[in-house]
Amino acid sequence: MSRDRTLPILGAVLLSVVLAGPLLPQWALFLLTIAIAKGLVALGLMLLLRAGLVSFGQALYYCAGAYAAGSLGRFFDISDMLVQMLTGAAAAALLAYILGFLLARYRGIFFGLLSLSLSMILYGLLVKSEALGSTDGVNVLPSTVLGIRPSQEWLRYVVVVVGGGVALLATALVYRYLRTPQGQLAPAIKDNEIRVEYMGTSVRSAIHVLYVIAAALSGIGGALAATTVGHIDPDMAYWTTSGEFIFITILAGTGSVVAPFLGAMIFGIIHTVAYDLSPNTWQLTLGTTLLLVIVFLPEGLWSLFSRRKGA
Amino acid sequence: MAVVLDARGLNKRFGAVTAASNINAAIEQDSVVGLIGTNGAGKTTFINMITGYIKPDTGGIFYQGRDITALSPREITRVGICRSFQIPQLYSSLSVFEHMMVGLGVVLHNAGLGGYFSRGQPNVPGHDAPAPEVAERILERFGLADYRDKNAQVLPGGVRKLLDIALTMVAKPTILLLDEPTSGVSAEEKFGIMEMVMTAVKAEGATVLFVEHDMEVVSRFAQRVIAFYDGRIIADAAPEIALTDPEVKRYVVGGALHRLDEQQGAPNA
Amino acid sequence: MDQIPAVIVDGIFYSAWLFVAAVGMTLIYGVMKIVNLTHGSFYALGAYAAASLTGAWLAKGYPPMLSYAVLLGSAVLISVVVAPPIERGILRFMYAKDEVVILLITYALFLILEDVIKLIWGVDPYFIAEPYGLLGSFDVGDLSYPTYNLILVGIAIIAGVGLTLLLRGTRTGKLLLTVIHDPEVSRAMGINVDRFYLVTFTFGSMLAAIGGAFTAPTVSVVPGIGVEVVVLSFAVVVIGGLGSLPGAALGAVIVGLVRSAAIHYAPAVELFVIYFVMALVLAFRPRGLFSLAEPRKI
Numbered sequence: 000m001s002r003d004r005t006l007p008i009l010g011a012v013l014l015s016v017v018l019a020g021p022l023l024p025q026w027a028l029f030l031l032t033i034a035i036a037k038g039l040v041a042l043g044l045m046l047l048l049r050a051g052l053v054s055f056g057q058a059l060y061y062c063a064g065a066y067a068a069g070s071l072g073r074f075f076d077i078s079d080m081l082v083q084m085l086t087g088a089a090a091a092a093l094l095a096y097i098l099g100f101l102l103a104r105y106r107g108i109f110f111g112l113l114s115l116s117l118s119m120i121l122y123g124l125l126v127k128s129e130a131l132g133s134t135d136g137v138n139v140l141p142s143t144v145l146g147i148r149p150s151q152e153w154l155r156y157v158v159v160v161v162g163g164g165v166a167l168l169a170t171a172l173v174y175r176y177l178r179t180p181q182g183q184l185a186p187a188i189k190d191n192e193i194r195v196e197y198m199g200t201s202v203r204s205a206i207h208v209l210y211v212i213a214a215a216l217s218g219i220g221g222a223l224a225a226t227t228v229g230h231i232d233p234d235m236a237y238w239t240t241s242g243e244f245i246f247i248t249i250l251a252g253t254g255s256v257v258a259p260f261l262g263a264m265i266f267g268i269i270h271t272v273a274y275d276l277s278p279n280t281w282q283l284t285l286g287t288t289l290l291l292v293i294v295f296l297p298e299g300l301w302s303l304f305s306r307r308k309g310a
Numbered sequence: 000m001a002v003v004l005d006a007r008g009l010n011k012r013f014g015a016v017t018a019a020s021n022i023n024a025a026i027e028q029d030s031v032v033g034l035i036g037t038n039g040a041g042k043t044t045f046i047n048m049i050t051g052y053i054k055p056d057t058g059g060i061f062y063q064g065r066d067i068t069a070l071s072p073r074e075i076t077r078v079g080i081c082r083s084f085q086i087p088q089l090y091s092s093l094s095v096f097e098h099m100m101v102g103l104g105v106v107l108h109n110a111g112l113g114g115y116f117s118r119g120q121p122n123v124p125g126h127d128a129p130a131p132e133v134a135e136r137i138l139e140r141f142g143l144a145d146y147r148d149k150n151a152q153v154l155p156g157g158v159r160k161l162l163d164i165a166l167t168m169v170a171k172p173t174i175l176l177l178d179e180p181t182s183g184v185s186a187e188e189k190f191g192i193m194e195m196v197m198t199a200v201k202a203e204g205a206t207v208l209f210v211e212h213d214m215e216v217v218s219r220f221a222q223r224v225i226a227f228y229d230g231r232i233i234a235d236a237a238p239e240i241a242l243t244d245p246e247v248k249r250y251v252v253g254g255a256l257h258r259l260d261e262q263q264g265a266p267n268a
Numbered sequence: 000m001d002q003i004p005a006v007i008v009d010g011i012f013y014s015a016w017l018f019v020a021a022v023g024m025t026l027i028y029g030v031m032k033i034v035n036l037t038h039g040s041f042y043a044l045g046a047y048a049a050a051s052l053t054g055a056w057l058a059k060g061y062p063p064m065l066s067y068a069v070l071l072g073s074a075v076l077i078s079v080v081v082a083p084p085i086e087r088g089i090l091r092f093m094y095a096k097d098e099v100v101i102l103l104i105t106y107a108l109f110l111i112l113e114d115v116i117k118l119i120w121g122v123d124p125y126f127i128a129e130p131y132g133l134l135g136s137f138d139v140g141d142l143s144y145p146t147y148n149l150i151l152v153g154i155a156i157i158a159g160v161g162l163t164l165l166l167r168g169t170r171t172g173k174l175l176l177t178v179i180h181d182p183e184v185s186r187a188m189g190i191n192v193d194r195f196y197l198v199t200f201t202f203g204s205m206l207a208a209i210g211g212a213f214t215a216p217t218v219s220v221v222p223g224i225g226v227e228v229v230v231l232s233f234a235v236v237v238i239g240g241l242g243s244l245p246g247a248a249l250g251a252v253i254v255g256l257v258r259s260a261a262i263h264y265a266p267a268v269e270l271f272v273i274y275f276v277m278a279l280v281l282a283f284r285p286r287g288l289f290s291l292a293e294p295r296k297i
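Same order as they appear, the protein sequences are chains B, H and D.
Position one of the first sequence corresponds to residue 0 (numbering that gives the first Met the number 0), numbered consecutively onward.
Position one of the second sequence corresponds to residue 0 (numbering that gives the first Met the number 0), numbered consecutively onward.
Position one of the third sequence corresponds to residue 0 (numbering that gives the first Met the number 0), numbered consecutively onward.
There may be inaccurate statements among the hints.
What the hints assert, rightly or not - List of simulated lysine-lysine pairs, DSS-like, C-alpha gap at most 27 Å:
1) K96/D - K149/H
2) K149/H - K171/H
3) K173/D - K32/D
4) K189/H - K171/H
5) K32/D - K96/D
6) K32/D - K189/B
7) K171/H - K201/H
8) K248/H - K189/H
9) K189/H - K149/H
10) K59/D - K117/D
11) K171/H - K54/H
12) K189/B - K149/H
13) K189/H - K201/H
14) K171/H - K189/B
15) K96/D - K189/B
As the list claims (entries may be wrong) - Pairwise CB distance ranges, derived in the manner of DEER restraints:
16) Q152/H - F109/B: 19 to 29 Å
17) G223/D - V12/B: 35 to 45 Å
18) K59/D - L276/B: 31 to 41 Å
19) N23/H - R170/D: 25 to 35 Å
20) L23/B - Q120/H: 35 to 45 Å
21) L172/B - R136/H: 28 to 38 Å
22) D148/H - S133/B: 53 to 63 Å
23) V294/B - I119/D: 19 to 29 Å
24) E74/H - P21/B: 50 to 60 Å
Unchecked claim - Here are some of the chain B residues that sit facing chain H, going by a computed Cβ distance under 7 Å:
25) S150
26) T179
27) A187
28) D190
29) Y197
30) G199
31) S204
Bear in mind the hints are in silico, worked out from the structure with no lab data behind them.
For each residue, glycine too, the CB sits at the ideal point set by N, CA and C.
Just chain B, same shape as in the assembly (with noise of 0.2 Å):
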């Protein structure tokens, strides 16, 4: 982690975006504020991965967040985005609570694959059911703030800056824990879990807390998510989902808490062009920089700006 810079960065990032924002065109402001919430996903994933573990099925969390945001205003009117917000991340972290009893016994492909079809479970069960709108989704209120209302030219505006707002507090709460005893496991857990167990403590716990946090930030993002693209639906869980949060993972590198967001911005970016200039062809844009990543960068595009080994 930079020592001390990080959250500084991510003070001025989110004071730009402020001071920038009303300049700045709706599908830019769109954009950010997907990137936003796709990032808060992938630092949950680069938590995980720092100490080892993939988790292919990432998106259970995102889209429990999602339809937790939906659900409120389609059964009880709330579109408050806070309230969202929340929900969505409590939601998300008893889900993973409870989850996370099993899957903190599993490593490697097994933890992926048992995470996998937690997720597609979830597809599975919404695809069918006619409450939550099946495959068709449903639409999610327009977003308000504590009560106001902001008019349609400055709705995403609002979006974006409370949105961001929300996932600077929630990284720097992450970030803090990653300054904490427990919090420092994570690289030693990935490098000889028997040791860390012959030091004293469990690592099954300490995967625990981790896999709760993850979770809590991908239901936040999922939450944002559904209130700034107006819609939820099955396919937030489907497996494919996951596979983007992991590539916007693998491709920020596990550096730092700012990296994650760089990644999903770049990752819009890269889906925007590729998807504009030639739709049929943007996955295998994907795919192209995914390998090269894995093949050239392993330790993500964060290390071309840090020469200093992540912590």
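Take the given structure of chain B and dock chains H and D to it, following the hints.
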């Protein structure tokens, strides 16, 4: 001297193999005990049972009077029994200093210190100084200060051993189990490393059990020798007696150590 | 209940399809220890190649009864053309990497191939329904089934029995078993492990392609037909045990019957019940129902 670790009637079988047969050993506080025996004799099984890695079929292990037979390795470490490994168990992506910090972090975490809501650098329990200072101190004592920022993967064999043992010191153990502390270390370095380890360890006031194949190291550093063969203890006495015991010579030492026969009076300098 | 015959027949047909679709994945994992996501790509490639070649065959007025051979031939052809360059050109250099990394690499390749397919065949659906209806139908009770479905059952049986005979009965098969157990030692004994990997990858992909080719007449061939196959194959292979041939068969039968029962009795759970079984197996027997005995190397 008080008995700090008491193994009573330990038995363990793995299928047709008897790894431990009626093992009884009472270890006194502050003693230094050498465990010898050929491969497969039961020394490592003994250590694995003490550290909770495997459970005995029958029998019990008592630490300061408390029954620790059923505890997990993690819990055993927390009560004050730490072990080092035959093949150093290190973290390949961390530096020497970071190794110590992670270990000290665990001690802090277990004591409820340094957590999410704490401010500043609390003192590490048992060491009365903040973690970075304690880390430097331990590294100094083990002669590792020069390697402070080196990554574990680039360390020479003897240094890796020292780091592995140094890591066991962070939790201020009452009992230290060293599994072949000088194996994989060149002949010239063996005594030096053992000397350094023993000095550092004794300064902390720990009781030490070490597994060794090198009989010169054993006779030099151990106050008491327990010899294993075929899952049984075949000798349990001071080195000069145990190492010249006919059964021990036959099954463990081999005939080669005629020097010990000659130096009957002064093996421990 | 009177639905039982239908559940069983549907279950058998679906199981056969699943087995053919998934067995290549378990074969590749068993030999090469890689989880291969291009599996879905080869399924799709098989379907598209079959659609094109068989479509052309039928359009030219050649005997429709031989179209089944064309289906098979196109699957074989496409895999022999596409698989070796992937294995020799890319995968070969990655075997030293962590298995999760290799999985991600095959994922990248899967994404690339998805678009390659679109570039070659376009996005419009392909239909070659003729072979499907050509063989007429048969009755089970008062339900009617296309006889075509029996072809897939036949292929599943031939593939299963054939592979088993190959592995147990032939010299090549025995060499393959040593490669499965320890590639390094096999290499040291002079076995051409690289060639085994190439052949296994090609053959495993071919099986996926065959699955796709013979499914083509029953559906409209569109981009993305490989996507679901990947995750279904995972389910089958994981349930049976990664790398186990009898496991894949068992997994296919379990998933097939469970899905069939779900469709008939509880349609709401149809989609998720398969992944539920997968999760259950992973939770209690992560190595699958027929796990390869892992010799302790330490």
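> Failing hints, ascending?
Replying inline: 19, 25 and 31
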